[in-house]
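K.L.:
Spelled out from the first residue to the last, the chains are:
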Amino acid sequence: MQLEPKRFADAIALFPHGRIDHATADDFRAALTPHLASCRAGGDRLVLDFSAVEYISSVGLRVLILASKQVKKQGGALAVCGLQPVVREIFEISRFNLVLDVFPALREALARLSPPARAAVDTV
Amino acid sequence: MLVRFWGTRGSIPVAMSAAEIQRKLVTALVQGAGRGLDTEDKARAFVERELAFPIGHTFGGESSCVEIETGESDYVLCDLGSGARRFGNSVLAARGPAGHRFHIFMSHLHWDHILGFPFFMPAYLPGNFVRIYGCHDTVEAALRRQNSAPTFPVDFSRMGARIEFVRLEPGRQYEIAGLSVRPKLQRHGGDSYGYRFERGGRVLVYSTDSEHKQDDPAEVEAFVEFFREADLVIFDAQYSLADAISIKEDWGHSSNVVGVELCQLARARRLCLYHHEPVFDDERLATLLAETQRLEEITRARAGHRVEVLAAYDGLEIAL
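Heads up: the protein sequence lines correspond to chains A and B, in order.
For the first sequence, counting from 1, position 24 maps to 24 in the numbering used here; every step adds exactly one.
For the second sequence, counting from 1, position 37 maps to 37 in the numbering used here; every step adds exactly one.
If you're looking for bench data, these hints aren't it; they were derived computationally from the structure.
What you are looking at is a predicted structure, and each value in this text was computed from that prediction instead of being measured.
Any given hint could turn out to be false.
Unchecked claim - Quick list of in silico lysine to aspartate or glutamate cross-link-like pairs, DMTMM-like style, CA-CA up to 20 Å:
no., chain 1, residue 1, chain 2, residue 2
1, A, Lys73, A, Asp101
2, B, Lys213, B, Asp191
3, B, Lys184, B, Glu198
4, B, Lys213, A, Asp21
5, A, Lys72, B, Asp243
6, A, Lys73, B, Asp191
Taking the hints into account, I'd like the entire structure generated from these sequences.
P.N.:
Encoded structure:
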């Protein structure tokens, strides 16, 4: 899975797409892992823009929670944004909306994580 | 087969408080005001047909105990939680004190699954036969220890029924009490075992106290196979998925989300949420059921298969 990273000042946005389920979760994990190391105190903020994700299963959600745990240990910040209605419902039913920082759209996520990144996104 | 739930709560038996009962009564009376409920029949019909489940009923608070009625004279149970007390008393009340044969399958030996045995009256009465099956090598020791000082005043040796223990091996198929039975090892502290029961082309899976980490595709596939085309899967859904894989990881329980996914993959017919979180009240459990039904609905097209989602409550009967 290609995550097509985009940098906005000190934040990196990733754009997964399609379905994240038993068949694709390993690819998602492999694509996400290289971006986690720099997401630490004083390092990059990380935003996962889910606006092109159609579905996520428990296996995909597990990848997210493991990433969030790693980033928290490093003192970094990770957020998710742009959930499609079905994915938003899955987040709510699984209570992932309570354990991850979830925002309506990329701008809101960047605004919370990094004002410079929020300013940078307006110039794109 | 008929499946009857005598205990559906996880971890510890619970009872409603006076305040909770009062809240139900107040809500019911307000909803029934001006409805002419001046006879018992009218009031009962109103409660059964018009009140929402968490107002007119309760999920109950007994811990794990499920009866499988096979149509034969022997009784079959899964686990000896506090629900076993009421089950035993109902047998004695309906059929007299002796001459009963019980086959009891133990998922594991944590307190909430064994604490009904000291109050299982048929075990004290001569003329009854109790055979207890399990995959742990400590089933007999655990039950004897529970029925002894200092935890209980009546020693195991005072139980007058003939009591036998039979060790099963996971993965093997057995023919017991008219059922074809296959145990399966599950992830839980000290291990637990699920059971797949088959009879007359109908399949029941009892799978409680089972954590699904979803990190091993082979393990996922093994559970899909265990649940394959079951008519009913009784599934440990004590935690939310977020809790199960974060703050409550390795606590040995699963979630409604994983239950739906596994039943969809296995093309099971019904999923029954079980081993309810003891801190959840009836409204919270009803919400959990509604959310799980919604999850099944929004993922049904992708799965290509419909799974009926139910939530167990003490007294629920499901015909297979």
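K.L.:
Look at each hint and say if it fits the structure.
P.N.:
Outcome of the hint check:
{"no.": "1", "hint": "A/Lys73 - A/Asp101", "result": "holds (16 Å)"}
{"no.": "2", "hint": "B/Lys213 - B/Asp191", "result": "holds (14 Å)"}
{"no.": "3", "hint": "B/Lys184 - B/Glu198", "result": "holds (14 Å)"}
{"no.": "4", "hint": "B/Lys213 - A/Asp21", "result": "holds (14 Å)"}
{"no.": "5", "hint": "A/Lys72 - B/Asp243", "result": "holds (17 Å)"}
{"no.": "6", "hint": "A/Lys73 - B/Asp191", "result": "violated (30 Å)"}
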